[in-house]
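Be aware that the sequence shown starts at 0, since it is given in our numbering, and climbs by one per residue.
If you are wondering where the hints come from, they were derived from the structure by calculation, not from laboratory data. Some clues are possibly wrong.
Claimed, not checked - FRET-style restraints, in silico, Cβ to Cβ:
1) Thr146 to Gly54: 20 to 28 Å
2) Glu127 to Ser165: 14 to 22 Å
3) Glu57 to Thr147: 35 to 43 Å
4) Ala38 to Ala136: 17 to 25 Å
5) Asp16 to Glu57: 33 to 41 Å
6) Glu128 to Gln56: 35 to 43 Å
7) Glu57 to Glu139: 42 to 50 Å
8) Pro42 to Arg19: 18 to 26 Å
9) Leu58 to Glu139: 19 to 27 Å
For glycine and all other residues, C-beta sits at the position ideal for the given N, C-alpha and C.
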Amino acid sequence: MTDTPGDDRRFPPALSDVARVEFDYGEEGEGVDFEPYGAFDSPERTTRWLRQWTGNQELDGDAYRIFGQNGGGGLAALWCIRAGRPLAEQPVIFMGSEGERGVVAGCLSDFLWVLADGFGPMEAALYEEREASPDAALAELAARHATTPRRPAREIITEAQAAFPSFSADLDALCR
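Generate the whole structure from the sequences, applying the supplied hints.
Below is the structure:
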């Protein structure tokens with residue numbers, strides 16, 4: 000995909016493959032709490048959710064392509080912040096149902112490696128002390144689609160959060 004994100008809502012093939020994965024949360028919650036979608040949420044649904052989440056009725060959801068959720072209603076999305084760059088080069092973020100939020104990966108390719116290391120969007124964004132639990136099937140999926148080299152999830156997450164240090168403050172500024 001080489002188009003700019005603007006109104007691009009074509010679902011990347013990598014996310015289509017992720018959508019076919021059944022993530023196991025585990026009996027004690029030690030797994031991955033992630034329910035990937037087979038398509039992006041509609042612009043209308045994204046806008047409605049963002050307005051509810053922020054309390055700001057003037058916002059639109061154009062900067063977000065929501066592609067999954069956790070069991071508590073938190074959402075995973077591509078954040079279209081890099082002007083002129085394709086969707087696959089946009090950072091992946093998590094926005095929890097109770098206001099939690101965080102940058103998960105700097106691009107879709109890195110997100111695939113985060114998944115392969117046993118982290119879902121919520122776990123990556125919120126649990127710094129979580130240990131990797133590699134998944135061979137997700138590593139194979141990442142190897143098929145990724146354009147970045149495999150690295151430990153914690154390294155990818157830390158790098159992405161450093162690249163977008165104002166993400167949380169920017170969201171706070173949108174809230175009413």
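State, for the Cβ atoms of Pro42 and Arg19, whether the hinted interval 18 to 26 Å holds or is violated.
holds, 25 Å
Indicate whether the distance between the beta carbons of Leu58 and Glu139 respects the range 19 to 27 Å.
violated, 39 Å
With 33 to 41 Å as the target window, see if Asp16 and Glu57 comply at their CB atoms.
Given a distance of about 37 Å, which is inside 33 to 41 Å, the answer is holds.
Does the hinted range 14 to 22 Å hold for Glu127 and Ser165 at CB?
With a Cβ separation near 19 Å, Glu127 and Ser165 satisfy 14 to 22 Å, so the hint holds.
Would you say the C-beta atoms of Glu57 and Thr147 sit inside 35 to 43 Å of each other?
Since Glu57 and Thr147 have Cβ atoms about 36 Å apart, the given range 35 to 43 Å holds.
With 42 to 50 Å as the target window, see if Glu57 and Glu139 comply at their CB atoms.
With Cβ atoms ~44 Å apart, the hint holds.
Range hint compliance [Cβ, Thr146 to Gly54, 20 to 28 Å]:
Between Thr146 and Gly54, where Cβ atoms are some 38 Å apart, the hint is violated.
Distance restraint evaluation - Glu128, Gln56, Cβ atoms, bounds 35 to 43 Å
holds, 37 Å
Okay, Ala38 versus Ala136 on CB: inside 17 to 25 Å?
Given a distance of about 22 Å, which is inside 17 to 25 Å, the answer is holds.
Hint violations for this structure: numbers 1 and 9, all remaining hints satisfied.
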